[in-house]
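Just so you know, the sequences run in chain order A and B. Under the working numbering, the first residue of the first sequence carries the number 1, and numbering increases by one thereafter. Under the working numbering, the first residue of the second sequence carries the number 1, and numbering increases by one thereafter.
In case anyone wonders, no lab produced these hints; they're calculated from the structure. The C-beta atom is built at its ideal place from N, Cα and C for all residues, glycine as well. Please note: incorrect hints may appear among the correct ones.
Covered stretches of chain B, as calculated for chain A (at least 3 residues, CB under 8 Å) [as the list claims (entries may be wrong)]: (1) 10 to 16; (2) 68 to 77; (3) 80 to 87.
Pairwise CB distance ranges (calculated) [said to hold, decoys possible]: (4) A:Lys55 / B:Thr42: 29 to 39 Å; (5) B:Thr3 / A:Lys137: 50 to 60 Å; (6) A:Lys10 / B:Asp74: 24 to 34 Å; (7) B:Thr42 / A:Thr57: 35 to 45 Å; (8) B:Asp74 / A:Leu86: 18 to 28 Å; (9) A:Pro69 / B:Glu28: 52 to 62 Å; (10) A:Lys10 / B:Glu100: 17 to 27 Å; (11) B:Lys76 / A:Leu86: 40 to 50 Å; (12) B:Lys27 / A:Gly67: 55 to 65 Å; (13) B:Thr3 / A:Asp142: 19 to 29 Å; (14) A:Asp142 / B:Lys35: 36 to 46 Å; (15) B:Phe46 / A:Ala146: 45 to 55 Å.
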Amino acid sequence: MENTEKVPLKKVLLICSKGTIEDVYAALVMGNGAVMEGIETKLFFTFFGMDAIKKDTMNKLHTATVGNPAMKMPGGLPFPTWLGGLPGIEAGVSAMMRKEMEKLDIPNVDEFLELIVAGGGELYACKLAADMFGITKEDLHDDVKAIITVGDLYAMCDGPGTQIIFT
Amino acid sequence: MATKTYAGVNVELNDEGYMTDSSQWTKEIATEIAKQEGVELTDKHFEVLEFIRNKSAEGATLTIRGINKSGVVDAKSFYQMFPGAPLKKSTKIAGVPKPESCI
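Chain A on its own, in the form it takes in the complex:
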């Protein structure tokens, strides 16, 4: 007989591997949302996603203005790729995006991480990426629990009702 029993989501592990505003916030919003629902939550940052937990970069994330076909001008016209490559454009667009997010009461990255941790969420950094970029625990936000290996990561994913989400 087919098993139709629903297993509620009990634990999520979110992997953040990219460092643009939208990629990082996708992980943070989903992580914070999970904590808010009482789901056990762990966030794992790797490769360029490390920018989200590095003290010197976490609140200065950018969005890509080149190679981003969904990018629009204010008003909705297409955003020309050549314009995105001009000096200062990416910084300006990114600052604008952060300002719009602030209006919606979306916190800065450091504050967002602190809210997640306040709710019992855990933050981890990838050992391989840390070695590759020469990053040590001191470079990372104080709330990052540890720098761990892939094996450690999978070991945390035990139990029914666990999901791994890659952003």
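Once you've looked at the hints, dock chain B against the given chain A.
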């Protein structure tokens, strides 16, 4: 839509158990809803509930960040006071609608 008796009062509830008429709310009703949610209310809880009720009456969107900045309670204590899903639980106990918020 259903009605349930809390503290001797017939309270109107929606399908998820949230009060549909916030003006019916009393501390006694809150205490009974809280018990059902597994929360024992203290004076501190009532301070938080009051903040939530005021914000809701203003029509503001409730978020964890807003609670953290309220000056009444920080996020960590808020999670401890209403374990599990704090925003959902506290609004249910405060007799206000479930917050439509992703953050």
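Status of the hints after comparison with the structure:
no.: 1; hint: 10 to 16; result: violated (count 0)
no.: 2; hint: 68 to 77; result: holds (count 4)
no.: 3; hint: 80 to 87; result: holds (count 5)
no.: 4; hint: A:Lys55 / B:Thr42: 29 to 39 Å; result: 37 Å, holds
no.: 5; hint: B:Thr3 / A:Lys137: 50 to 60 Å; result: 56 Å, holds
no.: 6; hint: A:Lys10 / B:Asp74: 24 to 34 Å; result: 26 Å, holds
no.: 7; hint: B:Thr42 / A:Thr57: 35 to 45 Å; result: 41 Å, holds
no.: 8; hint: B:Asp74 / A:Leu86: 18 to 28 Å; result: 43 Å, violated
no.: 9; hint: A:Pro69 / B:Glu28: 52 to 62 Å; result: 58 Å, holds
no.: 10; hint: A:Lys10 / B:Glu100: 17 to 27 Å; result: 25 Å, holds
no.: 11; hint: B:Lys76 / A:Leu86: 40 to 50 Å; result: 44 Å, holds
no.: 12; hint: B:Lys27 / A:Gly67: 55 to 65 Å; result: 58 Å, holds
no.: 13; hint: B:Thr3 / A:Asp142: 19 to 29 Å; result: 50 Å, violated
no.: 14; hint: A:Asp142 / B:Lys35: 36 to 46 Å; result: 38 Å, holds
no.: 15; hint: B:Phe46 / A:Ala146: 45 to 55 Å; result: 39 Å, violated
The structure is inconsistent with the numbered hints 1, 8, 13, 15, although it conforms to all the rest.
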